[in-house]
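Participant: The lines below spell out each chain.
Protein chains: 2
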Amino acid sequence: MKGLPGFRDFYPEDAARRQYVWEKWRAVAERYGFSEYDGPTLESTDLYAKKNESGAEILQQLYNFQDKGERNVALRPEMTPTLARMVAAREKNYRKPMKWFSMGPCFRYERQQKGRLREFLQLNCDILGDGSTASDSEMIALAIDLMREFGFAGEDFVVRVSSRKAWMDFILARGVSTDLIPSVLQAADKLERDHEDALNARLAPAGLTCADLREFIAGGSPEAFAPLLADLKARGLDGFVEIDLSIVRGLAYYTGLVFEVFDKSRSMRALAGGGRYDGLIAALGDGSVDMPAIGFGMGDVVLSNYISEHPAASAALNQWLEAHRGCDVAIVLVDEAQRPEALGVLQALRDQGFSVELPFQVTKVGKQFQTAEQSGARHAVVIGSEWPLVKLKHLATRTETQVPHSELAQSLRKGQEHGVPGRSAA
Amino acid sequence: MKGLPGFRDFYPEDAARRQYVWEKWRAVAERYGFSEYDGPTLESTDLYAKKNESGAEILQQLYNFQDKGERNVALRPEMTPTLARMVAAREKNYRKPMKWFSMGPCFRYERQQKGRLREFLQLNCDILGDGSTASDSEMIALAIDLMREFGFAGEDFVVRVSSRKAWMDFILARGVSTDLIPSVLQAADKLERDHEDALNARLAPAGLTCADLREFIAGGSPEAFAPLLADLKARGLDGFVEIDLSIVRGLAYYTGLVFEVFDKSRSMRALAGGGRYDGLIAALGDGSVDMPAIGFGMGDVVLSNYISEHPAASAALNQWLEAHRGCDVAIVLVDEAQRPEALGVLQALRDQGFSVELPFQVTKVGKQFQTAEQSGARHAVVIGSEWPLVKLKHLATRTETQVPHSELAQSLRKGQEHGVPGRSAA
Chain H
1 MKGLPGFRDF
11 YPEDAARRQY
21 VWEKWRAVAE
31 RYGFSEYDGP
41 TLESTDLYAK
51 KNESGAEILQ
61 QLYNFQDKGE
71 RNVALRPEMT
81 PTLARMVAAR
91 EKNYRKPMKW
101 FSMGPCFRYE
111 RQQKGRLREF
121 LQLNCDILGD
131 GSTASDSEMI
141 ALAIDLMREF
151 GFAGEDFVVR
161 VSSRKAWMDF
171 ILARGVSTDL
181 IPSVLQAADK
191 LERDHEDALN
201 ARLAPAGLTC
211 ADLREFIAGG
221 SPEAFAPLLA
231 DLKARGLDGF
241 VEIDLSIVRG
251 LAYYTGLVFE
261 VFDKSRSMRA
271 LAGGGRYDGL
281 IAALGDGSVD
291 MPAIGFGMGD
301 VVLSNYISEH
311 PAASAALNQW
321 LEAHRGCDVA
331 IVLVDEAQRP
341 EALGVLQALR
351 DQGFSVELPF
361 QVTKVGKQFQ
371 TAEQSGARHA
381 VVIGSEWPLV
391 KLKHLATRTE
401 TQVPHSELAQ
411 SLRKGQEHGV
421 PGRSAA
Chain U
1 MKGLPGFRDF
11 YPEDAARRQY
21 VWEKWRAVAE
31 RYGFSEYDGP
41 TLESTDLYAK
51 KNESGAEILQ
61 QLYNFQDKGE
71 RNVALRPEMT
81 PTLARMVAAR
91 EKNYRKPMKW
101 FSMGPCFRYE
111 RQQKGRLREF
121 LQLNCDILGD
131 GSTASDSEMI
141 ALAIDLMREF
151 GFAGEDFVVR
161 VSSRKAWMDF
171 ILARGVSTDL
181 IPSVLQAADK
191 LERDHEDALN
201 ARLAPAGLTC
211 ADLREFIAGG
221 SPEAFAPLLA
231 DLKARGLDGF
241 VEIDLSIVRG
251 LAYYTGLVFE
261 VFDKSRSMRA
271 LAGGGRYDGL
281 IAALGDGSVD
291 MPAIGFGMGD
301 VVLSNYISEH
311 PAASAALNQW
321 LEAHRGCDVA
331 IVLVDEAQRP
341 EALGVLQALR
351 DQGFSVELPF
361 QVTKVGKQFQ
371 TAEQSGARHA
381 VVIGSEWPLV
391 KLKHLATRTE
401 TQVPHSELAQ
411 SLRKGQEHGV
421 PGRSAA
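Protein chains in written order, with my numbering: chain H, 1 to 426; chain U, 1 to 426.
Rather than coming from a laboratory, the hints here were simulated on the basis of the structure. Just so you know, these numbers come straight off a predicted model, no measurement behind them. Hints may be right or wrong, so weigh each one.
Note: identical chains are not told apart, hence a pair may lie in one copy or across any two.
Unchecked claim - When the alpha-carbon atoms are kept at most 27 Å apart in a straight line, the in silico BS3-like pairs for lysine-lysine are as follows: (1) Lys367 / Lys92; (2) Lys24 / Lys367; (3) Lys2 / Lys264; (4) Lys24 / Lys264; (5) Lys114 / Lys2; (6) Lys367 / Lys96; (7) Lys114 / Lys233; (8) Lys68 / Lys2.
This is chain H alone, in the form it adopts within the complex (with noise of 0.2 Å):
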């Protein structure tokens, strides 16, 4: 039997490096003042074919179906949708701004290629209830720290910053007719990667080239920037930032800022992506709640490569792993006959928080050396014919002493303050 294409099974090693994008994540969310929140993972295909909603190319991906009961629903594409519609629901509740953040799998129906899964995990930042411009720049700041976290630095990633509304104005001056305009914005969004032919070909019921397209580009004034440029320069942040109004998103909700993050290596891949999308609340509710709102997205597979090929940032992953490798005893059971002091001292030394491990086999005591360090076992417990005393070992300095079962979770705690490592705090 095998998993299923462009699923992933995460057997410990795999699941560890999941452990350290997702304890980064939620440590750098807490840090900025956000919340957690959480939808199902099963949501109503409406909430994605809505009006205003989504995009062509999300809906294209859809991992939907029809459910027993003749439902119509799919495994949730992005959070945005299910935010919007928990908030439109709720958002009494709630003081204002509202900063929430949300980790999990998402899904879509699309071919597996390199960085892109049919399952993947994404956190999701966003905040509600606020439009100014220090909104803006809270949540481009964090997606700036969010990397920082990982060890990349200036000159590996860049944050690019442009207006859905630059674009709308350009758009609706060129005279375009509203139901042409997602079109041109999907054009817009693959300018540097679709064929030149083709995407002219597209754009020609607006009335539009790709020319003039990059000539918008080219043209597009800073000026309107300056306000964000200069709350993220007091933050000391500007430096991970560059106007580019190429920034279009494929999503059709946004309304102001969108903006992408972008590894600087040769493959310029993006790393994160959101914007402000005021109108999605609206939309999604009954139209009683309406309220401005930004966010975005980050995944872990585009990171999770990144960091791999990245020496400061594998060097971090690395040390973390090392550090969260291993049990804090391992108890070595001389004789068999005494399995059930072990077994006591087991149950004390877990009672008192420690990680503990003793073998279930009959094991020769080199063996359980053996295994304990190659496990990454901090300190082996040997129980043998001292008892009641016991043999208190700390592998990576091979000191030893001799100290009475009873009191040692309180040696291993002493050992520990005296900068002996342990991962536990007891």
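Could you slot chain U onto chain H? The hints should help.
Facilitator: Relative to chain H, chain U alone:
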């Protein structure tokens, strides 16, 4: 727009409760030396339909569908088949015994009712590659310590221990043909829940009655459990366990010990359950890998309900929620002209690991303090006319000092050392 029936929205207050369960689950599993793994949310339906796999009830309740590539797929109803598939593929890479845990969403298509949802979270813990009583006991001890971690004591829950092997011996001794065994086990599993006549009708083809099953249960021989009980006694945990042959477990693949954790209040809900499934890995691989295995699952729905009904458990939860509420520092900005200075302090403190908030909009000073206190912030930093000096105020004690802004991180850290509460370690 509404969410689907049987699926949950996690607003921040719900997500915090989920995170509490999540952190406790992880802490106890790691204390027992378990390593995290995970599989995909979606699997081939075949994985659950294979002979010797899962059981009739789980197949009826499978949340399965045909995807756009005409594959028969299912949202995972439980983790064991995924684990067995993963282990069969790569067991050579891992030292035995393997102690693995996972935490994530599972899905069942069934009518929504109290304690039963279509999407729920489940902790799974498994020991692979060891068939000893010592690993049986380790598994039960882990289940007990999970309950104790949430504040439940011996009067609150019981682990009922039984043996699928004893059931098989009984059924085979009665000359039941192999194809009828699953329906006998299912009837036994429903003995106290379904209607007597319906059960007798189900048992008739096997030449058995409810009375026969009850006689077997009453005559169960506890001697076979003596080694297990001795191991648990050495851990001081035997008081949490009862031998009870009425426990059968609905899943088809169990082969030896089976157990369930029940709350002892009137409702007697099952909070967790599992058992030994020694043949499953061979059945799901190509047969070349065969190893003993034991595991259990604990869902979040019944557990969370029980926590909220139980005074000590809900007090522990509330204490955790209170400690995890609010940021380390709320910056109070007296004069909007000093926003750049405030942004510099904001970034400097976040860079040092503190969680910090600054209002996006011009806000009266009194209102800023009120918001800080209501949100549970631990300190306020007032930026005003004394700049580069700032006021550092500890909100619970209302003590106040004036410090240069460049020494804020140091002062906050000193406060934490001296027992002034703060969540972040910088």
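Participant: Compare the structure with each hint and give your call.
Facilitator: Hints versus structure:
1. Lys367 / Lys92: between (62 Å within a copy, 19 Å between copies)
2. Lys24 / Lys367: neither (37 Å within a copy, 32 Å between copies)
3. Lys2 / Lys264: neither (36 Å within a copy, 41 Å between copies)
4. Lys24 / Lys264: within (21 Å within a copy, 40 Å between copies)
5. Lys114 / Lys2: Close inside one copy (20 Å), not across copies (35 Å); limit 27 Å.
6. Lys367 / Lys96: So Lys367 and Lys96 pass the 27 Å test across copies only (13 Å; inside, 60 Å).
7. Lys114 / Lys233: neither (35 Å within a copy, 53 Å between copies)
8. Lys68 / Lys2: This pair counts as both: shortest intra-copy Cα distance 25 Å, inter-copy 19 Å.
In terms of the numbered hints stated before, the structure departs from hints 2, 3 and 7, listed from lowest to highest.
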